[in-house]
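Visitor: One-letter residues, chain by chain:
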Amino acid sequence: MSDERMKILEMIQSGKITAPEGLELLKALDDADLKPGEAARSGMRFLRIRVSTGQNNTKVNVNIPLSLLKVVTKFADIGMKFIPEDARREMTKKGIDLSDINFDELVELIDQGLVDGKLVDIDTEDEYSGRTKVEVYVE
Amino acid sequence: MWNNRLSCFILVKLRYKWFRFVLPVPLFIFTELLQAAADWVALWGSLFPRWKLPGLLMTQLLSVWLEFRRLGSWQLAEIAHDDHQISISFF
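From first to last, the protein sequence lines stand for chains U and L.
Residue numbering for the first sequence follows our numbering, beginning at 1 and increasing consecutively.
Residue numbering for the second sequence follows our numbering, beginning at 1001 and increasing consecutively.
Honestly, the hints are just simulated from the structure, not real lab data.
We treat Cβ as the ideally placed atom computed from N, Cα and C, and that holds for glycine.
Check each hint, because a few of them may be wrong.
Examples of chain L residues toward chain U, derived with CB under 10 Å [what the hints assert, rightly or not]:
no., residue
1, P1049
2, Q1060
3, L1061
4, S1063
5, E1067
6, R1070
7, G1072
8, L1076
9, E1078
10, D1082
11, S1087
12, F1091
Below, simulated DSS-like cross-link-like pairs (lysine-lysine); rule was C-alpha separation at most 30 Å, straight line [to be verified]:
no., chain 1, residue 1, chain 2, residue 2
13, U, K94, U, K133
14, U, K16, U, K27
15, U, K118, U, K133
16, U, K118, U, K94
17, U, K93, U, K133
18, U, K81, U, K118
19, L, K1017, U, K133
20, U, K118, U, K59
21, L, K1013, U, K7
22, U, K118, L, K1052
23, U, K133, L, K1052
24, L, K1052, U, K81
25, U, K74, L, K1017
26, U, K7, U, K59
27, U, K70, U, K94
28, U, K59, L, K1013
29, L, K1017, U, K59
30, L, K1017, U, K70
Beta-carbon label-pair distances, calculated as ranges [claimed, not checked]:
no., chain 1, residue 1, chain 2, residue 2, range
31, U, G95, L, Q1060, 52 to 58 Å
32, U, D86, L, Y1016, 34 to 40 Å
33, U, R5, L, I1029, 28 to 34 Å
34, L, D1083, U, E105, 42 to 48 Å
35, L, Q1035, U, D86, 37 to 43 Å
36, U, E105, L, R1070, 21 to 27 Å
37, L, T1059, U, L98, 22 to 28 Å
So that you can see chain L by itself, here it is in the shape it has in the complex:
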């Protein structure tokens, strides 16, 4: 899990004046959850045609998610305003 060169966390860094906070969000948990949800939606899609569109959306969402992970470590965004700053990066 740790040595497969995939991003493992989203790091959300916040700075508000003197207050600093780093929130690591584990990506691999969401990958498993998304995969499970996509499987369920695909199953329902095979039973009820109405579920086919959500199934397609889930598949696309999962592909975006996997692409996020495959990219390794990179910074998505950094917004600074006066003393305040928020940055979102993948690690």
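This is chain U alone, in the form it adopts within the complex:
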């Protein structure tokens, strides 16, 4: 039990305040305790990935908190090693060098709000798979 709560209970016990007054104070303390959590929650930003295809009505909905992304970027270099060599070669041919990507900086920019809104918005339609929509955004 926190010191504040104990003090309120002692004040009730010693008769300095009445029980209803003490109850009000305890409620106020509860609200104060909740506020930082709520603020953190409301301030929590997510990288949201939404994929939907018309065929079979497939929907994928992935939410990755940015704070988690910051921790996970430390694994990015290790993850890069798992990309098959032929895929890596193909990307190098097209001028894509994954080792040049600074994931820490990218996440930092997103976190600062410099990269906001929709990062990816693809909407295609063909006769086989129907309409496919891919959205990646920060919210």
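Starting from the structure of chain U, add chain L where the hints point.
Guide: Frame of chain U; chain L shown alone:
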């Protein structure tokens, strides 16, 4: 354990046609296990240099795990295909 505003469970929800299943995986058990494993690996790392890299990986894995728990309740993923659905959320 229950009132510290940390996620306590991963809820894996499955729906396959008429069949529905919810699997709650307790997170706090794995936190203790990971912590114990990380301590052991760190100890071996101090004795044998070869164990230093696994030690670093364990520390990073533990930090990701703790971040997962600190976030409270949120949904990581939901995949639906026809009548089938799987969702992974933290609670």
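Visitor: Does each hint hold? Answer for all of them.
Guide: Each hint tested on the structure:
no., hint, in the structure
1, P1049, "19 Å, violated"
2, Q1060, "6 Å, holds"
3, L1061, "9 Å, holds"
4, S1063, "6 Å, holds"
5, E1067, "5 Å, holds"
6, R1070, "8 Å, holds"
7, G1072, "7 Å, holds"
8, L1076, "6 Å, holds"
9, E1078, "4 Å, holds"
10, D1082, "5 Å, holds"
11, S1087, "8 Å, holds"
12, F1091, "14 Å, violated"
13, U:K94 - U:K133, "25 Å, holds"
14, U:K16 - U:K27, "18 Å, holds"
15, U:K118 - U:K133, "13 Å, holds"
16, U:K118 - U:K94, "25 Å, holds"
17, U:K93 - U:K133, "28 Å, holds"
18, U:K81 - U:K118, "28 Å, holds"
19, L:K1017 - U:K133, "25 Å, holds"
20, U:K118 - U:K59, "18 Å, holds"
21, L:K1013 - U:K7, "45 Å, violated"
22, U:K118 - L:K1052, "40 Å, violated"
23, U:K133 - L:K1052, "44 Å, violated"
24, L:K1052 - U:K81, "19 Å, holds"
25, U:K74 - L:K1017, "40 Å, violated"
26, U:K7 - U:K59, "54 Å, violated"
27, U:K70 - U:K94, "28 Å, holds"
28, U:K59 - L:K1013, "15 Å, holds"
29, L:K1017 - U:K59, "16 Å, holds"
30, L:K1017 - U:K70, "38 Å, violated"
31, U:G95 - L:Q1060: 52 to 58 Å, "31 Å, violated"
32, U:D86 - L:Y1016: 34 to 40 Å, "36 Å, holds"
33, U:R5 - L:I1029: 28 to 34 Å, "30 Å, holds"
34, L:D1083 - U:E105: 42 to 48 Å, "43 Å, holds"
35, L:Q1035 - U:D86: 37 to 43 Å, "40 Å, holds"
36, U:E105 - L:R1070: 21 to 27 Å, "24 Å, holds"
37, L:T1059 - U:L98: 22 to 28 Å, "25 Å, holds"
Comparing the model with each numbered hint stated earlier shows that hints 1, 12, 21, 22, 23, 25, 26, 30 and 31 do not hold.
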